[in-house]
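Visitor: With chain A's structure known, arrange chain B on it following the hints.
As given, the protein sequences belong to chains A and B, one line each in that order.
Take 1 as the starting number for the first sequence in my numbering and just add one per residue.
Take 1 as the starting number for the second sequence in my numbering and just add one per residue.
What the hints contain is simulated information worked out from the structure, not anything from laboratory work.
If we take Cβ atoms under 8 Å as the criterion, some of the chain B residues that face chain A in the derived model are:
#, residue
1, Ala139
2, Thr147
3, Val156
4, Thr202
All of these numbers come straight from a predicted model, not from anything done at the bench.
The beta carbon of each residue, even a glycine, is placed where N, CA and C say it ideally should be.
Protein chains: 2
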Amino acid sequence: MYELLKGLRVVEGSAFVAAPTCGLYLAQMGAEVIRFDNIGGGPDFRRWPLAGNGASLYWEGLNKGKKSVALDLSRAEGRELAQRLATAPGDDAGLFVTNFPADGFLAYDRLRALRDDLVCVRVMGWADGSQGMDYTINAALGLPQMTGPADDERPVNHVLAAWDLLTGAYCAFALVSALLARTRGQGGREIRAPLSDIGAATMANLGFTAETLLTGHQRPRMGNDVFGAFGRDFTTRDGQKLMLLAITPRQWAKALDALGIGGQVAALEAELGVSFATDEGLRFTHRARLYPLFEAAFAAKTAAELTPAFDAGGVTWGAYQTLEAALSDTRLYKDNPLFETVRHPSGLSYPAPGAMGSIPQDQRGPVRPAPALGQHTDEVLSEVLGLPSAEIARLHDQGVVA
Amino acid sequence: MYELLKGLRVVEGSAFVAAPTCGLYLAQMGAEVIRFDNIGGGPDFRRWPLAGNGASLYWEGLNKGKKSVALDLSRAEGRELAQRLATAPGDDAGLFVTNFPADGFLAYDRLRALRDDLVCVRVMGWADGSQGMDYTINAALGLPQMTGPADDERPVNHVLAAWDLLTGAYCAFALVSALLARTRGQGGREIRAPLSDIGAATMANLGFTAETLLTGHQRPRMGNDVFGAFGRDFTTRDGQKLMLLAITPRQWAKALDALGIGGQVAALEAELGVSFATDEGLRFTHRARLYPLFEAAFAAKTAAELTPAFDAGGVTWGAYQTLEAALSDTRLYKDNPLFETVRHPSGLSYPAPGAMGSIPQDQRGPVRPAPALGQHTDEVLSEVLGLPSAEIARLHDQGVVA
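Okay, chain A solo, but in the shape it has when bound:
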């Protein structure tokens, strides 16, 4: 971990992807992040993929470097402990990230009664508080009908929980921003981050909604064609699929050079009376005429012939590869200094990453694995809430904590 956020204490009451990634990013920049869960684990504690012994590889990936406290949240005493944790004193504490309901026992008004300057970042599904998850919000935004081959009408969900991930990182930004405001005298606040608003705003930020308002319909499905520029997957003589991309004039020129089709493209430009170099949109408009030239050039050579020429020529391209191939790819996993092999709660040892960003001036500290569930219950009850050991023993005996 890095130490930018050293000294901060963040409490996380969370499940699934968005709120846990928020806590993960904070922990990997040096904050102390205390996640509380129900005894036996929250709804994400057995989420697939699983290790052979049933431990969740998902859970241990998303909770690296955190402390874990287990509480019986079905009982008033357990809920009160959660409230006290979220609002415990300290200049750099009173920072809470959660996806618990906005109107439940972790409602902002209830917590503020315990700590007036609390910063609370709340992940939500729909903004009105109703249930929504990445899959259902995504379906409501039209993306599954824009995704996939043009000759297939079935909606295609994304495999990557993109809205959850964006929400988690945005929540980390919001939490640190609210802390900065608080240290400058603005007091605390709740920031709500509903997936539905994150999705709706993002589709507008990228121009999708303005386009739909202008044209009357959403962008049609077009397979892997890059909208408004030139790009697609092409197949080499040996059946490899490569993604080629040319948005800028430079990317376009380099692609034509490396493929040796500058002359054919010039002839097409003359025929159509256009210049593809300076207007990437024209490449998109006339892509049905351009594609055959590229398809033939790719089909004439093997990937082993094309790819060194692409790299030497500064072409923007990428091979489609499987994740198992990526694991041997030195650009991604193999020897990547982000990764370190550590032993995880599942008992398995495998490479795991620290902070996603890199700071050339700073030393990366060790990658810290996820805790065992409840591993830090006693430590946190003692150090953060100041409970005496006899009281902690009572809570254990009565099954309020574990």
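Guide: Showing chain B alone in chain A's frame:
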């Protein structure tokens, strides 16, 4: 905008999605964000979708609430102005977000010579500095082969630039975190955020890489089936597609109740000797047996019959709808307080969002549109760099600024 970051001055030298969204999130939380571009616009200035007059709806979506300075970055004097802007004095300045190359005229070491405590967040493609964009990094991570119907082997790219978006939000988090560290005496630093590392780390955080190491292969393509739990799109009697999701025991129970198939599922549990309620993974393992029960229940009713029952029963579900339908959906766009109709640089007036997060305690200020290119050149040269008007006039005359 909100005012959490009021008083901060951030300079952005950027293009495309990741770095501009970082600046956008900062601006919408109250920071002054000054984006500089080449005279005539950077490589994203004409990016589709376009308005009828050729203005980019994409550019004006991603640069809302920023100031714009236009410089001739091909000339030494223009480059020097960019360096001076990024490093201009001020306690809450010296904050720079960019996707310019790590070893070029905006390299951290060059800028640090002008301002020792500079915070610089740098979006990159591949971590080694070579060209990579969302499309090509995604292809290298295996996701396109995991996405789409199981009966089609073609790789499916995502339409949403998920890696760019995650990187942009993460950069906003990193920038504010580094500012917080600087105000606490840690000095400045560069934080690099290569899409390749963001992608590699995320696939590990979610358990995809551990799963691949354990099984020897990446997760197979499985259409819209939710991995390790129960969920998929189902078709109603009138041909509507609805996404149904059941990860938690509660979600499962409510789905069975609303569809009236509890008895059939219990019979299947008895036959198989399993309990689906307590182990969502078993629902996935046996999904080929479960699907026909759900398909029949969906096919027996129209969407108009099913959806009120789903809502009343607390089912986690969502309709697939187009973006044009979403624009009339009160949960997303219509009457959503995030959105305000403003006039944009294209000359068009249409609804655009402010900050993606909501702060119930604070007033949302007005949504500020994107600037015209170079709209703030003179103001910024005068106020930030302190140039006298005669000098600014000379720079205009010589075409160094516009």
